[in-house]
Amino acid sequence: MELLDGAGYEFDLEQVRQGKLSPVFFGSALTNFGVEPFLKSFLEITLPPLPRQAAEGLVDPFEDNFSAFVFKIQANMNKAHRDRIAFMRVCSGKFERDREYYHVQGGKTLRLAQPQQMMAESRQVIDEAYAGDIIGVFDPGLFAIGDTVCTKAHKVTYEGIPTFAPEIFAAVERVDTMKRKQFEKGMTEIAQEGAIQIFHVPGGGLEEVIVGVVGVLQLEVLEYRLKSVYGVDVRRRSLPYQYVRWVENKDMDLSRLNLATDSRWVQDFKGNDLLVFGGQWAIRWAEEKNPGLVLRDVKEN
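Quick note: the sequence shown uses the numbering used here, first residue 4, plus one each step.
Please note: incorrect hints may appear among the correct ones.
As the list claims (entries may be wrong) - Label pairs and their in silico Cβ distance ranges:
{"no.": "1", "residue 1": "P294", "residue 2": "G135", "range": "44 to 52 Å"}
{"no.": "2", "residue 1": "T160", "residue 2": "S31", "range": "25 to 33 Å"}
{"no.": "3", "residue 1": "V19", "residue 2": "G60", "range": "46 to 54 Å"}
{"no.": "4", "residue 1": "I171", "residue 2": "K23", "range": "29 to 37 Å"}
{"no.": "5", "residue 1": "F65", "residue 2": "N275", "range": "53 to 61 Å"}
{"no.": "6", "residue 1": "Q127", "residue 2": "R238", "range": "26 to 34 Å"}
{"no.": "7", "residue 1": "V217", "residue 2": "F65", "range": "31 to 39 Å"}
{"no.": "8", "residue 1": "L50", "residue 2": "G282", "range": "21 to 29 Å"}
Calculated directly from the structure, the hints in this document are not laboratory data. For every residue, glycine included, the Cβ atom is placed at its ideal position computed from N, Cα and C.
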């Protein structure tokens, strides 16, 4: 990479697009230094929208039929309104404000009346968007990460985003027993964003939640958000589990499984059955002692 006259960079664009070379830009958003050159260069080096795989086949981004994929959900972006925004990437066709579209996973027709595009803290209501654009729509709890929105006449179902198994587990409970609703709402909304994974003992409700994360920092962020946004103080304790596996068997009686003492049957907030284990030995025990049990370490949203 070579600096040219202090204003731009010269590099092999094909290597960048193949992932063999990564451009690096230096600047400061706080002082607005280098931001505009970065945005201009980003437009030059980024790829045009590419086809996306759906259950029905490869979807061409330049076809006329609109389709979009929900990849992020963020609650309480505006604390004054307790809003919840679902971010979706337009994968094909043209999005038009106030038109009716079809939510594939929910099986419902909906009208997206206030689509927004965001830049830092600014929001702008838009009337149209095209393949490659990112739009945010108000979500009353209808959407989930991995959902597809499209024209009803030409339905497609995009592949979900993989949910990887967490490696750190902790039990989290509220300090004030009177704040049950706030605790359950906060835990559920934060889990729906994909920042953490929450589990509970079947039939036990959300009095105490098992939280699975990749790093300890996520637990600290969870505590901060529960207190600052939902007004709930919590206490947590570490759990000895190290692995989680999704149970593929839908007709197996999991209450009768032969499990090691450091294993447990739990469910996530979507009702999926999982097993948590203290080690690899416990996983092998479960598979050997329960013929027909099928476990997966990754699941799609």
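Quick rundown of the hints versus the structure:
Range check, P294 to G135: Cβ separation about 49 Å, and the 44 to 52 Å hint holds. Judged by the Cβ atoms, the range 25 to 33 Å given for T160 and S31 is violated: they are separated by roughly 43 Å. A C-beta distance of roughly 29 Å is found between V19 and G60, which places it outside the suggested range of 46 to 54 Å. Between I171 and K23 the C-beta distance comes to about 34 Å, which sits within the given range of 29 to 37 Å.
Separated by about 36 Å at the C-beta atoms, F65 and N275 break the suggested range of 53 to 61 Å. Between Q127 and R238 the Cβ separation comes to about 42 Å, which falls outside the hinted range of 26 to 34 Å. Evaluation of the 31 to 39 Å hint for V217 and F65 yields a pass: the beta carbon distance comes to about 37 Å. Here the CB-CB span from L50 to G282 is close to 43 Å, at odds with the stated 21 to 29 Å.
Hints 2, 3, 5, 6 and 8 from the list above are not met by this structure, while the remaining hints are.
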